[in-house]
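Chemist: The residues making up each chain are set out below.
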Amino acid sequence: MEALGDPTRLAIFELLAVRPQPVRALADALPVSRPAVSQHLKVLKESGLVADRAQGARRIYRLDPTGVAAMREYLDRMWESALAAFATAVEDQDGEQRRDRKR
Amino acid sequence: MTQHVDTAVRRHVTVAASQEHAFEVFTNRFGAWWPKEYSISEAGMANFVVEPEAGGRWYEVAKDGREYETGRVLAIDPPERLTLAWHLNGSFQYDPDPAHASEVEVRFIAETPTRTRVELEHRGIERHGGDADAVRGIVDSPQGWSYCLEAFATHAAA
Chain A
1 MEALGDPTRL AIFELLAVRP QPVRALADAL PVSRPAVSQH LKVLKESGLV
51 ADRAQGARRI YRLDPTGVAA MREYLDRMWE SALAAFATAV EDQDGEQRRD
101 RKR
Chain B
1 MTQHVDTAVR RHVTVAASQE HAFEVFTNRF GAWWPKEYSI SEAGMANFVV
51 EPEAGGRWYE VAKDGREYET GRVLAIDPPE RLTLAWHLNG SFQYDPDPAH
101 ASEVEVRFIA ETPTRTRVEL EHRGIERHGG DADAVRGIVD SPQGWSYCLE
151 AFATHAAA
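Protein sequence lines correspond, in order, to chains A and B.
Take 1 as the starting number for the first sequence in my numbering and just add one per residue.
Take 1 as the starting number for the second sequence in my numbering and just add one per residue.
Sample of chain B residues at the chain A side, in silico, Cβ under 10 Å:
| no. | residue |
| --- | --- |
| 1 | V13 |
| 2 | S41 |
| 3 | W86 |
| 4 | T116 |
| 5 | H128 |
Because the hints were derived from the structure by calculation, they are not lab data.
Every residue, glycine too, gets a C-beta built ideally from N, C-alpha and C.
Required output: the full structure, derived from the provided sequences and hints.
Modeler: The following block contains the structure:
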């Protein structure tokens, strides 16, 4: 896969596999400028590996989930992230309830 | 090709909460924990709702008040099991046809009175696609379905 032959593009692709994010978050996580990240994203988009959408004033990039394999990968990552967030929320609430009971 | 292909995603997490509480938070407070980056709206997510009844809606409420359907509640058996239909296609558009929807089953298993194992299975993902090359790419990959970034790259390059 030519588009993933570049180490920075591969790093961007892997960050987007973890979760969808805007250019700024990608640039913050990598030792490259925001315009450079945008340029790499353009290549990844043209290769059909990455898709984007508008959210308010910014664009959120994510893996392009067309095709079953990509969709499965996307959903796998999504549920991993979602269940981790669920565990945090459900245990926080328990903490609050315990504190409430002590009062 | 009639070979059975298991496309299901399986994830689990163990939480320090009772079975009842875990089920309650997952179902009735879905919007409180659902990661905001998985919003499907343009304005961004304000809330996410699972209507707690069979046939109920499962939808995002955007910051501009618009509602975006994700799917339906297929079955709800508190505090043990919740089954949802996922109606979003690969472009995150709602497809009302049940033949094109996948299924998310969430099981809440009480390990102790204060610890619950939550098992999630998202199955039937192939119903969203029909891209034979993508499926074949996965079958031929040495890792099978367990890790398919490679197959994803193969598919995208094709």
